[in-house]
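Protein chains: 2
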Amino acid sequence: MPKSTDKTRIIHPHTYLKSNKIGVGIYLDYASSANPECANPGAIHSLGVREKNKLENARKNVAAILQSQSSEVIFTSGSTESNNLAILGVLNAAKEKIPHFITTNIEHSSVLEIFKYLEEHKKAEVTFVEAEQNGMIDPEKIRKALKPNTVLVSVMYANGEIGTIEPLHAIGKVIRHYNKINSRKILFHTDATQAVNYLPIQVAKLGVDLMSFSSSKFYGPKGIGILYVKKNTPIRKIMFGGDHEFGLRPGTESVILALGLAEALTFTEKIKIKEVKRLVKLRDYFFTELHKIFSSEGPTPVVRGRAQDKKFHEAKFIINGDLKNRLPNNVNITIPNIPGDLLVIELSARGIMASAKSACKMGDEKASYVIKAIDKNIRETDGSIRFSLGRATTKRDIIYTVKVLSQILIKLKKWYTQHT
Amino acid sequence: MPKSTDKTRIIHPHTYLKSNKIGVGIYLDYASSANPECANPGAIHSLGVREKNKLENARKNVAAILQSQSSEVIFTSGSTESNNLAILGVLNAAKEKIPHFITTNIEHSSVLEIFKYLEEHKKAEVTFVEAEQNGMIDPEKIRKALKPNTVLVSVMYANGEIGTIEPLHAIGKVIRHYNKINSRKILFHTDATQAVNYLPIQVAKLGVDLMSFSSSKFYGPKGIGILYVKKNTPIRKIMFGGDHEFGLRPGTESVILALGLAEALTFTEKIKIKEVKRLVKLRDYFFTELHKIFSSEGPTPVVRGRAQDKKFHEAKFIINGDLKNRLPNNVNITIPNIPGDLLVIELSARGIMASAKSACKMGDEKASYVIKAIDKNIRETDGSIRFSLGRATTKRDIIYTVKVLSQILIKLKKWYTQHT
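Heads up: the sequence lines are chains A and B, in that order. Numbered according to this note's numbering, the first sequence spans residues 1 to 420. Numbered according to this note's numbering, the second sequence spans residues 1 to 420.
By construction, these hints were calculated from the structure, which means they are not laboratory data. Nothing here was measured: the structure is a model prediction, and the numbers come from that model. Certain hints may be false.
[Claimed, not checked] Non-contacting residues of chain A with respect to chain B, defined by C-beta distances greater than 10 angstroms in every case (computed):
(1) Ser33
(2) Lys60
(3) Ala64
(4) Lys95
(5) Thr127
(6) Lys147
(7) Lys277
(8) Ile352
[As the list claims (entries may be wrong)] Covered by chain A, per the in silico footprint, the following chain B stretches (three or more residues, Cβ under 8 angstroms):
(9) 28-36
(10) 89-100
(11) 237-245
(12) 316-324
(13) 386-395
[Unchecked claim] Below, in silico cross-link-like pairs of lysine-lysine (DSS-like), each with a Cα-Cα straight-line distance of 27 angstroms or less:
(14) B:Lys123 x A:Lys116
(15) A:Lys97 x B:Lys231
(16) B:Lys52 x A:Lys95
(17) A:Lys122 x B:Lys403
(18) B:Lys270 x A:Lys116
(19) A:Lys173 x A:Lys205
(20) A:Lys324 x A:Lys116
(21) A:Lys122 x B:Lys122
(22) A:Lys122 x B:Lys123
(23) A:Lys122 x B:Lys116
(24) B:Lys95 x A:Lys97
(25) B:Lys122 x A:Lys116
Just so you know, even glycine gets a beta-carbon here, dropped at the ideal spot from N, CA and C.
So here's chain A without its partners, still in its complex pose:
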């Protein structure tokens, strides 16, 4: 054992610790995390405990906004992982021999692709409820799809491409009613990724058991997301490792990303009402201006809901998605005979960044699968373009954008008239 004389030779901790490089003590846990300032929240030394506290504070702040319990908030790497954990995790826990899932045909690819895989590999039965022409999901169609082996209904809160806000409340009611009558516990999941900036996200009011979202969509850091998991929801992890995140998601949490997410979400909540009002005005102004540049020639613009109109493809532009149940920041139009990618590139060359379809499904099909889903008659030559507004968007930006778009359309007119 150590000699007791050693004791007298020890410098007082404060004297030494203040003078060393780290400034927080002597860090000898580099194998756990190389950066002492971002120690491993699973470590039991004081720096680990400090990080753990920060992490749990971030979780608490998120839970307060969702009006949930802290233990219902799971940090993931983003919406894609959250969606995978929600759906595959419920599948892993399901006792049904062939579990049945209900979803829609306009979900984000991370939801759609899971279900396509499950169906293809016969791991589950899946009903893809088709969206209406305005992009809305009919709760009655969900009701009709419910079966004795249904385990989960997954319907997005708002569609990122066409901005349609889905009737979550009505769908939740349908599920709860079915559960009550049949003594079942069918779960309700929503991908709220595109909704967080503008819509209420208090989980109890929404009536969901599982809700996914991603920090980078509400001005937080990229690389972190949330899966809300209601207490007592039967779900199992889909990756294996340590017992992080209540055993549902292994891997050391990035505390700094969690703090960034919580801070961004707090600010989003704070400005939500005001920002919604501001953007609805801007969005509607955008639509009005678009009408103006098209109205000088050809027939009146046709709104998606009237797609059966024979004159549909004679229209000069079409607004995609419901006009009323619509995200405040979404403007999505189809311009027949002009490819969306071309418009995006022409706009980009003039300093305007828009999108032709989800960046997650680039290059694998010509038209957006969401637009195809709401318009069976769309041709590959009909391009759609999405303008999604945000905190820095001004009326001046819209005026400028519409003018530039008008200029581009004149340039493309030759090509355009050759094809109509």
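Starting from the structure of chain A, add chain B where the hints point.
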């Protein structure tokens, strides 16, 4: 169509774009990524292309260090996900009816737990090769475990707890020999998480098909990792969504984290040789000083390799793991009858951060499973403690730490002597 008179009313792009808030143009792609400065690398507008270029540059830099192709570098959320993708991904692609895997009993929990799950749920056959008393894996034992239905061998590059460097080259040779004779294509995966700071990571030289590592262990940001996947390796994604990362890992990449990883890895490579030399010296000095404080009383300290020695549990301290094949930054000792957690807390109270066992497996068992694996006779009361050194560690830190440890041991002496 637009009136051509509109054209004349357009402000010149540069005049307008310079004056607006974003400074990079008009950003109307908030639904894709809320931050224009971190646009979605999947977007086709100029900001998206810029991000995509940054991402591919980061990938190229990582590939250059690994001496691999860029398309062999997959960004994940960290080592845990990389390990899951490597093992479950190979399982997903396996054609064998019951695929057989070989691993060891001292892998990180993210590898061990996957295999335990696969075995338990009869999704695969798994051989857990036992480490020797010095923590080394015997390539001969791997050879004996190879079977006609073996699809993958997963052996860590270096153990994070006891610092043992495993004989990857010899194990790779054994696998290649078996493959050649039997016309098989058994894959070789290594979890290199703890090795990247100090050991060569050129994949061809290592002879691996798959290699996992995490940015936060080499002073990069937390929340990102790499899975190296050799060209033509049969592997399938484990999460579903967009076609990011060559179809192997869905979810928009965090470009800023990827840049951080690449930068940290580049610097790590640059200082590797010098840092290894410096830390080996410090580590061995640490061991020498530990010997000194224990040598005044009791029998000579016993090194793990000699654990069969009858006097083992009379030893005052035991060095865990091989002394030669050892990470330059690892000091791991067992002090019989003193709980490791207690030591960590006592040290932390004096400003010294060490670790009792992997932070990923806290609270679920008393002693570290790695120490248990190399010492079947260890008692729950025998605590082990790991000091892992790093870039800021100085000789003065070691001197101070050993003194403080000695002081703590004197304090615990009463308790200690009561129990021996």
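Does the structure break any of the earlier hints, and which numbers would those be? 1, 8, 10, 12, 15, 16, 17, 18, 20
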